[in-house]
Amino acid sequence: MTLGKNNPLRSVSWEKFSHLTPEEKVPLFCQENGWPYHVLIAQQFDRRLLDRVCNLATKTRKIAKTKGGMKFLQDLCSEKRAMLYFSQPSSRTFLSHYAACQIVGIKPAEVRDAHTSSEVKGESQEDSVRTFSSYFDMIIMRHPEGGFAEKIAWMLSQTDRPVPVVNAGSGKDQHPTQAVLDIYTLQRSLEKRRGGIEGSKIAYVGDLLRGRTVRSLAMLLTHYPGVKQYFVAPKELQIGKDILEFLDRHNVQYEITTNFESVIPDMDAIYMTRIQDEWDKPGEKTFDNSAYCLEPRHLGVLKESAIIMHPLPRRKEIPVEFDADPRAKYWRQVRNGMWVRAVLIMMIFDRDREIDRYYEDLMTE
Amino acid sequence: MTLGKNNPLRSVSWEKFSHLTPEEKVPLFCQENGWPYHVLIAQQFDRRLLDRVCNLATKTRKIAKTKGGMKFLQDLCSEKRAMLYFSQPSSRTFLSHYAACQIVGIKPAEVRDAHTSSEVKGESQEDSVRTFSSYFDMIIMRHPEGGFAEKIAWMLSQTDRPVPVVNAGSGKDQHPTQAVLDIYTLQRSLEKRRGGIEGSKIAYVGDLLRGRTVRSLAMLLTHYPGVKQYFVAPKELQIGKDILEFLDRHNVQYEITTNFESVIPDMDAIYMTRIQDEWDKPGEKTFDNSAYCLEPRHLGVLKESAIIMHPLPRRKEIPVEFDADPRAKYWRQVRNGMWVRAVLIMMIFDRDREIDRYYEDLMTE
Amino acid sequence: MTLGKNNPLRSVSWEKFSHLTPEEKVPLFCQENGWPYHVLIAQQFDRRLLDRVCNLATKTRKIAKTKGGMKFLQDLCSEKRAMLYFSQPSSRTFLSHYAACQIVGIKPAEVRDAHTSSEVKGESQEDSVRTFSSYFDMIIMRHPEGGFAEKIAWMLSQTDRPVPVVNAGSGKDQHPTQAVLDIYTLQRSLEKRRGGIEGSKIAYVGDLLRGRTVRSLAMLLTHYPGVKQYFVAPKELQIGKDILEFLDRHNVQYEITTNFESVIPDMDAIYMTRIQDEWDKPGEKTFDNSAYCLEPRHLGVLKESAIIMHPLPRRKEIPVEFDADPRAKYWRQVRNGMWVRAVLIMMIFDRDREIDRYYEDLMTE
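In order, the protein sequences belong to chains A, B and C.
Residue numbers for the first sequence follow our numbering, so the first one is 9 and each next one is one higher.
Residue numbers for the second sequence follow our numbering, so the first one is 9 and each next one is one higher.
Residue numbers for the third sequence follow our numbering, so the first one is 9 and each next one is one higher.
Be aware that a few hints might be false.
Each pair may be met inside one copy or between any two copies, as identical chains are not told apart.
[What the hints assert, rightly or not] Okay, derived cross-link-like pairs now, DSSO-like style, lysine-lysine, Cα gap no bigger than 30 Å in a straight line:
1) K324 - K311
2) K209 - K249
3) K337 - K311
4) K129 - K159
The hints are simulated quantities; they were obtained by calculation from the structure and are not laboratory data.
Generate the whole structure from the sequences, applying the supplied hints.
Following this line, the structure appears as structure tokens:
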């Protein structure tokens, strides 16, 4: 697992690396068995990997139901230490990764005041991260600057002690584990309801321009044949053209509309999002998204077999009354994130086959 | 233990719940075995429960003396994770609960910047806590708003994944685990000295109006027959009438006085408190409590068998010279808090009988 | 190990203690087996102790290479809890100690907002630390005030529950574990290259006046016969006279120079430091240290067997191009710190002989 000198990222110059497309970068983030060594971009997740993650997440959830199973899980990576380097405040993403670490037994530590401490003393951010990484076996990283996690993964790969890097959100673009947990939520719910994600109709609603989760999810869903995607948003906040071109290249069906009510009855999954007005300039007027909110009367219109998702935090897009409806899956989605992140840590450290073995024993007991 | 749909709080509307008296709420916070599922209010602690907690705390302390015993304890709740949600800074209460978690092996995680993170994004506090709770098996919570911990316990009980809530101080009113550790300190010290708490004389001194610890302790001591309580404070900071009425209802003897020196010689326990001037309005003159402080000359007046307590932090109420006196129990009181909190976690997860078994084996070895 | 009433610090008054020389204090910080109980000052480390620490660090590193070895290590102090009390922000020192705790299995907890929490309520800092210490088995402490860690160690020794204190940097003077990790780095590198530290030539370069690491290292190197020390700095930032007098007393050879280039070719180790301008008064002009920086052309001048060290963080004293050179040991130095700190915790709790036994088994397998 410790790729060391065999790390494929090692042999690429920064100059060359920074000009690669995401698809070209993917093999550089892999370990020898083909699974991710670094988890940096949503493009790493092809269908085979998504199926593996979903399968492991379900097995892990079931194993975790007993004390014996939890002890087995906690032993998986118990000799390892992880650093959670969060330069942006984000309690939910932090806690989800922290709990994922606890589940697989990797000992977590948090960096705080990373800026203060290093900047005061005139240290480069690269040196700071390298110093901190010296004490740990992996880095889970959130950073406001786009591409920062990739830069760190590349930089550490040049050293004698590379460690895997998990991107827990960098800049406006990538938050790969969020997209994977969304896929797992769809897979888990739609498998029971209609046999799988394939051929389903999925609507994204709200601020599709600035939310990175929808962008990543739209790309990952191209791995599921027959899915039709609906982008439901006001013109000012409609999904980026690059995503539509990506879907075109993959011959994926989609519709663009401003009319939320018209699509509700047909959908198998509705993915609500909030207005991301933290990107607005100060004083700018926040968009009124009333037409892009679920309302109690929609419960009757929505298919019985449909599901409602939301990456949270929500505002008024989904009234609290929806929470008790069996179609509301956004709270389960939160917990799925923890399982998916636990699974990715196991895979990074090549411990995932131990899950298969334990699960098989459990089933034959 | 996972009460789920059998959770008694589930079947009560918020409207109804919020109009119940504390005594009426008590059964709603219990698990099937009668012990607390949530630890929210001091009124939950009747004599049977107090005796059980004291008994378990003493056993746990003794078990903890060896490495083998510590390993046994650390295994008790080792498959569980706890979230410490402290929106008020309080290192001492935080650390006491954190260490308690470590003792029983429950993996702790801390929420920080809870406000920042959620408020920025326009999320309700209820949604934030529910999100965070998704990753954990219990919540230990401190909050400036009175009743907040109860509100969260009720709210989570309505969901598919209720988790127990321990109130580590909410608002000016409830801090139930503090009251229980005070009882344990009295029980532990007075049992040796005079056979128990029953029939003893206990004085509270200082700011009795604004300190929640004395209010709770005064109520809990009604479970011990024959105790006489002395409220020693200036008129402006004397104990609230509601407490005195409570004592009257329970036929408990008490005295109210401004004369500290006169009561010292008779007391079995003196519970000192500081002036809680953080509740003063800015610019308001802090009360001069010189007449409500222990002074070196009092050491000779105090009974040899008496004890001195203080919830800490102290100011000048107890001079540092007292610390070495065997009657000073305020440092032991601090440590008792850790044991009592560890015990409550075990009880919440129904692991307390394992303590009985281990202890019995230990005694018969 | 729990020294309790046998704690030698207990029998000394503060008045007397505070007038002792560092050398006179050393025996007061020892446990019965002669190893440190408290780690407070660099003067505690004589040659016998340094050799023991280096030996244990190397064994620990090797044991840590397997999962089985890591589990053995994590069990060493697994029943203990440590408090990391850092009142100064210092992510690197904090994380190094935190990881060291995780390695030997001692459960870490962090104190934050220690000031806020206690000062608001008018508590003395001594009371705060004593309260916090009640929950833990050792304290690892960083504080801006010189001598603070010693004061706390003395204060706790007077109580019924003394716990060991590790000084992780207090004031401008002592940061003993840094000096020990420097020795370990020298020992580990120079042993292979030239058979040991003895008789080597070592240059310190940069701000020797205000950096405490060089001061401590210069003193510790007096335990290695034949070492010649070179103090390379501008006059304004040259090493303190007290250190030179100390070297004189120990008949240690040294040179003082402003000419960095002239010494490079002869050195076995070059210890670079940054300008510590955080001690400058606001508005004061920072010293231009261009003449005290390594430059790419120096790589050819430096001996093949020499090593380059730096306590980090660095600025421009060492260009990034040096990082890939096998003589650059500053990144390894960082990781050595973690091992040395893990070793000191084991020694404090008298678990170090378990390392010897495990290592012997490992070697004879």
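Against the structure, the hints:
1. In this assembly of identical chains, the alpha carbons of K324 and K311 lie at most 30 Å apart only when taken from the same copy (22 Å versus 64 Å across copies).
2. Proximity of K209 and K249 under a CA criterion of 30 Å is satisfied intra-copy only: 20 Å inside one chain copy versus 64 Å between copies.
3. In this homomeric assembly, K337 and K311 come within 30 Å of each other (Cα to Cα) only inside a single copy, at 14 Å, whereas the closest approach across copies is 64 Å.
4. For the identical chains of this complex, K129 and K159 are neighbours both inside a copy (22 Å) and across copies (28 Å), given an alpha-carbon limit of 30 Å.
Every hint, counting from the list given before, is met by this structure.
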